[in-house]
Amino acid sequence: MMRFIVQRASWGVLVVMSVVTLVFFLIFVAGDPAVTILGPQARAEQIADFKAKKGLDQPVPEQFMSYLGLMPCIRKDSPKYLRADGTRGFCGILQGDLGESYSHHESVANVIGYRLPRTLLLASLAVLFELVIGLTAGIIAALRRNRWSDTAIMFATFIGISLPTYVTGPIALLLFAFLLGWFPFGGYGVDPLDHIYHALLPALILAIAGAATYARVMRGELIETLRHDHVRTAKAKGMPMSQVVLKHAIRNALLPIVTLIGLSLPFLVGGAIITEKIFAWPGLGLLTIESIESLDAPVIMAVVLMFGVAVQVGNLLADIAVAALDPRIRLSD
Amino acid sequence: MRSTPKTERSRPARWLSVGIAVLGAAVLLGWVVAHFPKAPIGPRYVGAGHQSPQSGGTLVFSAGSNIHTLDPHFAYDTLSTAACRLLYDGLLDYDYDGNMIPSLAAQLPTVSDAGRAFRFELRNGIKFHNGREITAHDISWSLHRLLSETTGSPGYPFYKSIVGTPAYHRGEAERIEGIRVIDDKTIEFQLDEADQTFLNALAMPFAYPLPKEHVEKLEAAEGPDAVGRHPVGAGPFAFSRWERGVQVELHRFEDYWAPQARVERMVFLENISPDVASARFRNGDLDVIHRPSKVNRLFIRESKAWAPYRAEVPSPSVYAIGLNCELPPFDNVHVRRAVAFAIDRSKLERLNPGEVLAASQVLPPMLAPYDPELPTRQQFDLERAKEEMRLAGFPDGLSEPITLWVRGEGDVRGAQLFQQDLKEIGIEIDLKMVSFATYLKETGKPRVAQAAFTGWHQDFPDPSNFMDILFHSRSIHPVNSENRSFYRNPKLDAILDSARAEVDREKRLALYAEANAILAEDAPWAFLSYAVDMFAWQPYVKSFRPHPVWLNEYRNIWLDLPRKRVSQVIYEEEAAP
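From first to last, the protein sequence lines are chains A and B. Counting along the first sequence from 1, when you hit position 64 you're at 64 in this note's numbering, and nothing is skipped either side. Counting along the second sequence from 1, when you hit position 489 you're at 1489 in this note's numbering, and nothing is skipped either side.
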């Protein structure tokens, strides 16, 4: 087990590193952050000053090494650039320094600190909706298979998987927020309870595809499990059907769902970009769009880094969870 | 393949069930279409019904685009000014009638030396948000910060008349001679020449005091623009936090010198398009909206249910076509007048119902001495336009087309409206579209732009703010000229100069009325329109009204909470009789 985790983790680090490298150099292909941030009316000396402060006037490989933390700091506005004792400090990701945002005038860690809890709130609500709606629908469909309710649920899941959030999101906003007035018209709200109220509609929209997937998987697994010997035995004992399903069938059928949840975690963090944009939810997704639009390189890098780590950790956790739950899977071999 | 044994239904039964399903779906669809919700016509929420002002609550409003800065010394746009109005107080302020009132000053200043010296006494118990009492030294220090060249504030020109300011600005003097701190509570200003607009300048956000210790610490740590991100002022609201691109949050300042604000928290939302902001407002998610999008503006205007909760106020601004008086053919006053008479301004009113008023003179309607019956006023009169063309010596029109500088799509549409009008008197127009930056740079140089779309929004409510800046020959410079039509009239200059110094209000207004008439007649600008602003607020937002000077004035609002959802939202207007 340990060996497997170490192996997977080192692969993960490698993948994240390559993504970070790729994106770092892509930003320089995309354009000049100094010009984008300062605007078309900026004078040449302003641009030069900005570049000097941020170390953008250094050769790109040097900037990259400094960003990683393998070379001394080149950002002149960083307190670590020149330490009190006259030596040059390090200010890279290896030192846990994500840098300073160009457009927010704040450290990237702070900016992400604001945004991450909101995305987590949205994501956790979405997972909750996915599970509640998806599993319930899946169980009902499995127990009433081939009846009209099963057909209806499977048809609904088919539509749910097919409809992208940029279609369902605006429709939901128009119908449930603007026309019916049940939900706020996007935004984040001002108080904790208000935040949850504002999160409900985007979370539902975000949950549609996941819930539909879970429903289909759950239905298939449950139908499979219900044919197993132990279920038949339980039935033969005279156990009520509800008990059989709850105690013996569902538990076994949940296994692939656990894998799916693990795999969907990074998607919920990163994949909410479109939903956050539609609902003006100021989380990491919206931050990603904003920072790409303004070529805010430190923020883009940090977000990419986070998404990369989230994907790797999610996959790893899913594997471990499955191994822990299913004694038939032996990871060490 | 079915895995479990199950009785197969016979074919007819199956077709029957499919048929029923299809029929059911059709009925459901029909029901949905018939009962599809309609957009609410009126507000969704009303107040709890309190009669007297209540304390508490959060006011949420949209800032439209992004707030530029919270440093009053740089606040020169509508949004930054609106935010600074909550965070800061100055010596002087305006009431809802546009009259000047004392704010941090205990009363209006005593004027001496023939209108050249102003002495202010400060109130007792006025404090910055950091708890420190404000003294005359703070007023003086803040003005020194504002007016130094290293600060680079756009406010400098308004205070040039204080003795010694230009020398200090250039860095030739340590201090501004004309700002004298008498004691902790007394400050005196000495001007080079009598200037009645000096008090208006002191009431601008540029002159709001900042605490020196806070500013110096911040600027040392975070650079010169740090104050704009962490403001400390003396206004009714103190700064909580500003998440860039998302929102600015303020909280009530408990130690405020005047009666405390009633709203507990203010939230300015940033980065919301007018369309989204309007939808949120109609949904009850925003409490106040300024400038809703065009469609929503028309809607709110027409809706009876919103009528008690909206206001349309002319904005103190004027739009025009500037005609370069140095370049032919507009060096000829008759051609300029011909243009002014040829333009049918009612087209603008029809194209933007409720959003503009036809302009006839430089002063907007709320600013004395505006005169709707001004004898020389500009208005559409094709016969007179043709007559002026004849007087100018072009009875058959101009042989060459005119180049009209425009700043963007909106200007182009406006210009196209008037192309036909001017063709009637034989003037062809070529449009030259440039970026706003190029426009500002090039039209500020003499003999470059023949004609240009132009406009002015007042800095403070005084006619001099329009006339001195836009038409005095002193505003002509080799570059960055504010007099962009390069209009020179010694008679007008003399009137404006004596009006600027005139202490007697009636005489002053009479002089400006004379200047107003000259400008309409000489037509360095063909005036087009005045803008009209719209505000709308939720029924539970009480005692809000647009301020004649500040427009966005949220200090006095109270919220009638908890708000109640309207049980029967009005979905359709009652049929018109």
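For the record, the hints were derived by calculation from the structure and aren't laboratory data. Be a bit skeptical, because a hint or two may be false.
Said to hold, decoys possible - Partial pick of chain A residues on the chain B-facing surface, computed with a CB cut under 10 Å:
#1 F28
#2 G31
#3 T36
#4 I37
#5 S101
#6 F183
Unchecked claim - Computed beta-carbon distance windows for the label pairs:
#7 B:S1293 to A:P61: 31 to 41 Å
#8 B:L1561 to A:L179: 42 to 52 Å
#9 A:P61 to B:V1412: 45 to 55 Å
#10 B:D1275 to A:F158: 51 to 61 Å
#11 A:V322 to B:D1275: 26 to 36 Å
As the list claims (entries may be wrong) - 27 Å max Cα-Cα, derived DSSO-like pairs, lysine-lysine:
#12 B:K1423 to A:K277
#13 A:K51 to B:K1217
#14 B:K1217 to A:K76
#15 A:K277 to B:K1038
#16 B:K1212 to B:K1185
#17 B:K1217 to A:K53
#18 A:K80 to B:K1217
Nothing here was measured: the structure is a model prediction, and the numbers come from that model. Idealized CB from N, CA, C, for every residue including glycine.
Hint validity - A:F28 Cβ closer than 10 Å to any chain B Cβ: violated, 24 Å
Hint check for A:P61 and B:S1293 - Cβ pair distance inside 31 to 41 Å: violated, 49 Å
How about A:I37: closest beta carbon in chain B under 10 Å, or not? violated, 12 Å
Satisfaction of hint between A:K76 and B:K1217, Cα-Cα up to 27 Å: holds, 20 Å
Does 45 to 55 Å hold as the CB distance between A:P61 and B:V1412, or does it fail? holds, 48 Å
Assess, step by step, whether the Cα of B:K1423 is no farther than 27 Å from the Cα of A:K277, and give holds or violated. violated, 48 Å
Per the CB criterion, is A:G31 less than 10 Å away from chain B? With a closest approach of 19 Å, the A:G31 hint is violated.
Given the hint of 42 to 52 Å, is the C-beta distance from B:L1561 to A:L179 inside that range or not? Since B:L1561 and A:L179 have Cβ atoms about 26 Å apart, the given range 42 to 52 Å is violated.
Given hint B:K1217 paired with A:K51 - CA-CA distance at most 27 Å: Judged against 27 Å, a Cα distance of about 25 Å means the pair holds.
Sort out whether B:K1217 lies within 27 Å of A:K80, counting only the CA atoms. holds, 20 Å
27 Å limit on alpha-carbon distance, applied to hinted pair B:K1212 and B:K1185: holds, 17 Å
Note whether the CB distance of B:D1275 and A:F158 lies within 51 to 61 Å or breaks it. violated, 34 Å
The earlier numbered hints that this structure contradicts are 1, 2, 3, 4, 7, 8, 10, 11 and 12.
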